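> Those protein sequences? They're chains X and Z, same order as listed.
Just so we're aligned, residue 0 is where the first sequence starts under numbering that gives the first Met the number 0, counting upward by one.
Just so we're aligned, residue 0 is where the second sequence starts under numbering that gives the first Met the number 0, counting upward by one.
Since the hints were made in silico from the structure, they are not lab data.
All figures in this text were calculated on a predicted structure; none of them were measured in a lab.
There is no bait here: all hints are sound.
Computed cross-link-like contacts, DSSO-like style, restricted to lysine-lysine with a CA-CA straight-line distance of at most 30 Å: (1) X:Lys24 - Z:Lys248; (2) Z:Lys199 - Z:Lys209; (3) X:Lys17 - Z:Lys168; (4) Z:Lys209 - X:Lys28; (5) Z:Lys154 - Z:Lys209; (6) Z:Lys248 - Z:Lys13; (7) Z:Lys227 - X:Lys16; (8) Z:Lys168 - Z:Lys154; (9) Z:Lys154 - X:Lys24; (10) Z:Lys209 - X:Lys17; (11) X:Lys2 - Z:Lys97; (12) Z:Lys217 - X:Lys17; (13) Z:Lys13 - Z:Lys168; (14) X:Lys2 - Z:Lys217; (15) Z:Lys217 - Z:Lys13; (16) Z:Lys227 - Z:Lys209; (17) X:Lys28 - Z:Lys154; (18) X:Lys24 - Z:Lys13; (19) Z:Lys62 - Z:Lys86; (20) X:Lys62 - Z:Lys154; (21) Z:Lys227 - X:Lys17; (22) Z:Lys154 - X:Lys61; (23) Z:Lys13 - X:Lys28; (24) X:Lys28 - Z:Lys146; (25) Z:Lys86 - Z:Lys97; (26) X:Lys17 - Z:Lys248; (27) Z:Lys248 - X:Lys16; (28) X:Lys28 - X:Lys62; (29) X:Lys24 - Z:Lys168; (30) Z:Lys86 - X:Lys2; (31) Z:Lys13 - X:Lys61.
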Amino acid sequence: MPKTTPPWEIRREQIIKKEDATDAKYGCKPQDRSPADYIRNGVINLDKPAGPTSHEVAAWTKKILHLSCIGHGGTLEA
Amino acid sequence: MTGVLPVTLEDSTKIVQALLYSGKEYVCVMRLHGDAPEERIRLILSEFEDAIYQRPPLRSSVKRQIRTRRIYYIDFLETNGRNVLFKVGCEGGTYIRKLCYDIGEILGCGAHMQELRRTRAGPFTEDSNTLVTLHEVAYWFSEWQEKNDAIILRKFIQPMETALALLPKIIVRDSAVDALCHGANLTAPGVLSIDGGITKDSVLAIFTLKGESIALAKAVTSTEEVLKIDHGTVALLQRVVMPRGTYPKVWRSSTRE
Numbered sequence: 000m001p002k003t004t005p006p007w008e009i010r011r012e013q014i015i016k017k018e019d020a021t022d023a024k025y026g027c028k029p030q031d032r033s034p035a036d037y038i039r040n041g042v043i044n045l046d047k048p049a050g051p052t053s054h055e056v057a058a059w060t061k062k063i064l065h066l067s068c069i070g071h072g073g074t075l076e077a
Numbered sequence: 000m001t002g003v004l005p006v007t008l009e010d011s012t013k014i015v016q017a018l019l020y021s022g023k024e025y026v027c028v029m030r031l032h033g034d035a036p037e038e039r040i041r042l043i044l045s046e047f048e049d050a051i052y053q054r055p056p057l058r059s060s061v062k063r064q065i066r067t068r069r070i071y072y073i074d075f076l077e078t079n080g081r082n083v084l085f086k087v088g089c090e091g092g093t094y095i096r097k098l099c100y101d102i103g104e105i106l107g108c109g110a111h112m113q114e115l116r117r118t119r120a121g122p123f124t125e126d127s128n129t130l131v132t133l134h135e136v137a138y139w140f141s142e143w144q145e146k147n148d149a150i151i152l153r154k155f156i157q158p159m160e161t162a163l164a165l166l167p168k169i170i171v172r173d174s175a176v177d178a179l180c181h182g183a184n185l186t187a188p189g190v191l192s193i194d195g196g197i198t199k200d201s202v203l204a205i206f207t208l209k210g211e212s213i214a215l216a217k218a219v220t221s222t223e224e225v226l227k228i229d230h231g232t233v234a235l236l237q238r239v240v241m242p243r244g245t246y247p248k249v250w251r252s253s254t255r256e
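With the hints as extra help, turn the sequences into a complete structure.
The following block contains the structure:
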């Protein structure tokens, strides 16, 4: 059987084209974001419980965290 | 059905499509409607390790037309009477309920999906210590509100860049960032580094030198070509993630006086 490598087993090699410095005045490393920015740019690796739908679980998460917008990656049926 | 369900918060919802198409892994209990020898079950399972054709089930959230999906592997784990436990790695959008039904048809006795747990969605896995339950989310959030310690947030929220970890990436210089935030396509002078193995139409993520995600894009040429050229388009933007004005605007507008 012909097999395809799962995306998570692909090793990628980074090739440098040019060197440059980054200005510390703008942007910031993901781990250094302010709490508000960290939440706004965050993802939760959630363990979905059995019973409710993926949409319901996402909606509850939104309510718990008092957020305005939320999404989920791939419906997992109730 | 339980397991890994990545939930994107506010701005990071823009990268949700990258997760939808990412590969998944499941542990599944399939219930057979008749008896079948283990040898035969193992054989038939291995025959599904390839590109398969699926029509989405009646109750599904997409248009019901036949589409191909890739099964990376099916690992037979054990049987108990008519219950068959297996692990399957597959492309995003594969219906496991349908897969079980089809396996049952080939076996001849019929089968249905009894239990399902997702053990991976793209870079997010079950065994990483990042997986949290809804209760833990509620607990850590109230804990954070009380103590206001940023360390607590990291216990249950990951930066959205984590979600893009499996995509090939291009890192660009500071001066290219704001143009990208405004939706401009990526051109060669902005590229500082690029992952090997990128070909035309590869979906990739564009990052800053600080490791922040800027946008999702589609390559118009290969890694080798990008390393050779000094001008011209490298990737077409698909989704911008970073807000405009995060980095200074250094490009000139064509409508200037």
